[in-house]
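Enquirer: So the protein lines, in turn, are chains A, B, C and D.
Numbering-wise (our numbering), the first sequence opens with residue 1 and increments by one.
Numbering-wise (our numbering), the second sequence opens with residue 1 and increments by one.
Numbering-wise (our numbering), the third sequence opens with residue 1 and increments by one.
Numbering-wise (our numbering), the fourth sequence opens with residue 1 and increments by one.
In short, the hints are calculated from the structure, not lab data.
Just so it is clear, the structure is predicted and the values come from calculations on it, not from any experiment.
Take the hints with a grain of salt, since some may be wrong.
Partial pick of chain D residues on the chain B-facing surface, computed with a CB cut under 8 Å [stated by the list, open to error]:
#	residue
1	8
2	9
3	22
4	27
5	68
Only pairs whose alpha carbons sit at most 30 Å apart, straight line, appear in this in silico BS3-like list of lysine-lysine [stated by the list, open to error]:
#	chain 1	residue 1	chain 2	residue 2
6	B	128	A	129
7	B	59	A	59
8	D	99	D	19
9	D	85	C	4
10	B	128	B	59
11	B	128	B	12
12	B	128	D	43
13	D	70	D	35
14	C	70	C	43
15	B	129	A	11
16	C	70	C	90
17	A	59	B	128
18	C	19	C	90
19	D	73	B	128
20	B	129	A	129
21	C	43	A	11
22	D	70	B	59
23	A	11	B	128
24	C	85	C	33
25	A	59	B	11
26	D	99	D	43
27	A	129	D	35
28	C	4	C	70
29	C	4	B	129
30	D	43	B	11
31	A	12	C	90
The beta carbon of each residue, even a glycine, is placed where N, CA and C say it ideally should be.
Single-letter residue listing:
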Amino acid sequence: MDFFSLTIPNKKEFVSSARLLATAIAGLSGFDVESIEDIRMAVGEACNNVVVHSQDSDKIDLEIELGEDNMRISVVDSGAGFERHLAEGIDPDKYEGSGLGLFIIDAVMDDVEIHCGDENGTTITMTKKR
Amino acid sequence: MDFFSLTIPNKKEFVSSARLLATAIAGLSGFDVESIEDIRMAVGEACNNVVVHSQDSDKIDLEIELGEDNMRISVVDSGAGFERHLAEGIDPDKYEGSGLGLFIIDAVMDDVEIHCGDENGTTITMTKKR
Amino acid sequence: MALKVRSLFSERNDRWEVKVIGEVDIDSADELKLKLVDLLMEKNRSIFINAEDMDYIDSTGLGMLIGIVKRLKAENNDLIIVNPKSGILKLLTITGLDKVFTVREE
Amino acid sequence: MALKVRSLFSERNDRWEVKVIGEVDIDSADELKLKLVDLLMEKNRSIFINAEDMDYIDSTGLGMLIGIVKRLKAENNDLIIVNPKSGILKLLTITGLDKVFTVREE
Ligand SMILES: Nc1ncnc2c1ncn2[C@@H]1O[C@H](COP(=O)(O)OP(=O)(O)O)[C@@H](O)[C@H]1O
Ligand SMILES: Nc1ncnc2c1ncn2[C@@H]1O[C@H](COP(=O)(O)OP(=O)(O)O)[C@@H](O)[C@H]1O
Numbered sequence: 001m002d003f004f005s006l007t008i009p010n011k012k013e014f015v016s017s018a019r020l021l022a023t024a025i026a027g028l029s030g031f032d033v034e035s036i037e038d039i040r041m042a043v044g045e046a047c048n049n050v051v052v053h054s055q056d057s058d059k060i061d062l063e064i065e066l067g068e069d070n071m072r073i074s075v076v077d078s079g080a081g082f083e084r085h086l087a088e089g090i091d092p093d094k095y096e097g098s099g100l101g102l103f104i105i106d107a108v109m110d111d112v113e114i115h116c117g118d119e120n121g122t123t124i125t126m127t128k129k130r
Numbered sequence: 001m002d003f004f005s006l007t008i009p010n011k012k013e014f015v016s017s018a019r020l021l022a023t024a025i026a027g028l029s030g031f032d033v034e035s036i037e038d039i040r041m042a043v044g045e046a047c048n049n050v051v052v053h054s055q056d057s058d059k060i061d062l063e064i065e066l067g068e069d070n071m072r073i074s075v076v077d078s079g080a081g082f083e084r085h086l087a088e089g090i091d092p093d094k095y096e097g098s099g100l101g102l103f104i105i106d107a108v109m110d111d112v113e114i115h116c117g118d119e120n121g122t123t124i125t126m127t128k129k130r
Numbered sequence: 001m002a003l004k005v006r007s008l009f010s011e012r013n014d015r016w017e018v019k020v021i022g023e024v025d026i027d028s029a030d031e032l033k034l035k036l037v038d039l040l041m042e043k044n045r046s047i048f049i050n051a052e053d054m055d056y057i058d059s060t061g062l063g064m065l066i067g068i069v070k071r072l073k074a075e076n077n078d079l080i081i082v083n084p085k086s087g088i089l090k091l092l093t094i095t096g097l098d099k100v101f102t103v104r105e106e
Numbered sequence: 001m002a003l004k005v006r007s008l009f010s011e012r013n014d015r016w017e018v019k020v021i022g023e024v025d026i027d028s029a030d031e032l033k034l035k036l037v038d039l040l041m042e043k044n045r046s047i048f049i050n051a052e053d054m055d056y057i058d059s060t061g062l063g064m065l066i067g068i069v070k071r072l073k074a075e076n077n078d079l080i081i082v083n084p085k086s087g088i089l090k091l092l093t094i095t096g097l098d099k100v101f102t103v104r105e106e
């Protein structure tokens, strides 16, 4: 098992560096092109959520565990947290710009878990199988 | 001042991810192409040294401070450390494959400091001005 | 920096033709939005996006495009996304937005 | 993965012509070394490296090429590096290796 971690400021201009690192690691460890794209989207959406919904958090942490059969990525913030209303997809005609992020993450990753502590911010852990 | 940190396993196959992150951050913060190339080389050489000379260390830490006028990058390991003999360049005719790394780092960065603790491994801090 | 946009009005096709190069993300979506809105202010016609060199779009970018589509549809115009890369095509399909925008290969 | 190497023997120029694409670093330098050594085992002639798509080389890669040059020089052959990108040209100049290899633009 190989471990990686990245901490970046919680600013929208740096989210691309988190996507880049995650995709580079996925590439180095032999994930196929489609999986790498999925990882790029999921990491991007999870970081976007920190930027948009957890502005109390100074920084965004990305933790990556690379196993034999999978890559597990956690995006961690120390913002306010939230109660998740299950992502059910969106109705584009009524869409007002909300709810797409978690829906995409669910769609492209094999397993997604969200933990919100009372004052501990949010951790979203997303697993991609090989 | 913006702070970033990256931890990767101390394995040669992952050094490229440290180079990539450092160059991405340099690019996002507006360094010119030549400086980005310099940063890529310096980070690469510093990480290579951990892989080659500090195998006791499980991991390689990269810490980046992005200031108004400069980018300061530290590469930190917990290996054996060393006593630095000032890099004086190499004589290619006699070159046996050693001494090029620190020489390159000195040549492309504006300021370089190396700290070796007794049991605390090595920290090399390299500054690039804008 | 990560995003480049080139646009011209095609008289022949009576539409805006826009090439989007790079990443449309939470940092750059506003920039693209401003450009598209400017075009529509100049001439309210369909927008044809050449997406062959668009490397990435996130939910922020998609949300922005949905806003543009609403404006376009109000005048019976369309947003046409041509030759998206496979990852983006997958995203459009997953989200059902391939039915909101006109997506095609050329 | 980060490195691709294509080689052919040019009868006309009586030399190996090798295109190096990507990054020659601590992880990939051995791979390139093995290929170059194989070529020299097959036919001990000068090696011409087309470096236009070589994105990066580190001290490990340079050290490896110095080893190759020694073998080549022993038979009065050369290592010619053509069209390196500006960052690599700078590296070759800084290290003085532009005098050990033949470096040129074409
Ligand atoms: N890191 C987070 N911190 C706080 N709230 C979050 C976080 N991530 C998601 N949320 C909450 O979950 C909701 C759904 O998120 P998402 O599906 O990404 O859609 P959107 O961001 O467009 O609202 C958000 O509106 C927000 O309330
Ligand atoms: N992170 C490190 N840990 C231990 N020793 C180091 C480290 N970095 C450099 N050194 C020492 O400094 C010497 C010079 O390093 P360098 O100039 O990169 O050349 P090379 O790696 O080719 O020997 C090395 O041979 C090693 O003894």
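Enquirer: Using the nearest Cβ pair, does residue 8/D come within less than 8 Å of chain B?
Expert: violated (28 Å)
Enquirer: Going straight from one Cα to the other, do residue 59/A and residue 11/B come out at no more than 30 Å?
Expert: Judged against 30 Å, a Cα distance of about 27 Å means the pair holds.
Enquirer: Are the Cα atoms of residue 43/C and residue 11/A separated by 30 Å or less?
Expert: Outside the cut-off at roughly 35 Å; violated.
Enquirer: Holds or violated: are the alpha carbons of residue 70/C and residue 43/C at most 30 Å from each other?
Expert: With a Cα-Cα distance of about 16 Å, the restraint between residue 70/C and residue 43/C holds, given a limit of 30 Å.
Enquirer: Against the 30 Å threshold, does the CA-CA distance of residue 70/D and residue 35/D hold or violate the hint?
Expert: holds (16 Å)
Enquirer: Can you confirm whether the C-alpha distance between residue 99/D and residue 19/D stays at or below 30 Å?
Expert: Holds, at roughly 21 Å.
Enquirer: Should the interface hint for residue 27/D be scored as holding, given a Cβ-Cβ cut-off of 8 Å against chain B?
Expert: holds (5 Å)
Enquirer: A closest beta-carbon separation below 8 Å is what the hint needs, so does residue 22/D meet it against chain B?
Expert: For residue 22/D, the interface hint is violated, since the closest Cβ of chain B sits about 10 Å away, which is over 8 Å.
Enquirer: Taking only the CA atoms, is the gap from residue 128/B to residue 59/B under or equal to 30 Å?
Expert: Given that 30 Å is the threshold and the Cα spacing comes to 24 Å, the pair holds.
Enquirer: Run the distance test for residue 43/D versus residue 11/B: straight-line Cα separation, threshold 30 Å.
Expert: With Cα atoms ~35 Å apart, residue 43/D and residue 11/B exceed 30 Å; violated.
Enquirer: Mind checking the alpha carbons of residue 85/D and residue 4/C for me, to see if they're no more than 30 Å apart?
Expert: Holds: residue 85/D and residue 4/C sit about 24 Å apart, inside 30 Å.
Enquirer: Would you check the hint for residue 4/C and residue 70/C, treating anything up to 30 Å between C-alpha atoms as holding?
Expert: holds (24 Å)
Hint check: violations occur at hints 1, 2, 3, 5, 6, 12, 19, 20, 21, 22, 27 and 30; the rest are consistent with the structure.
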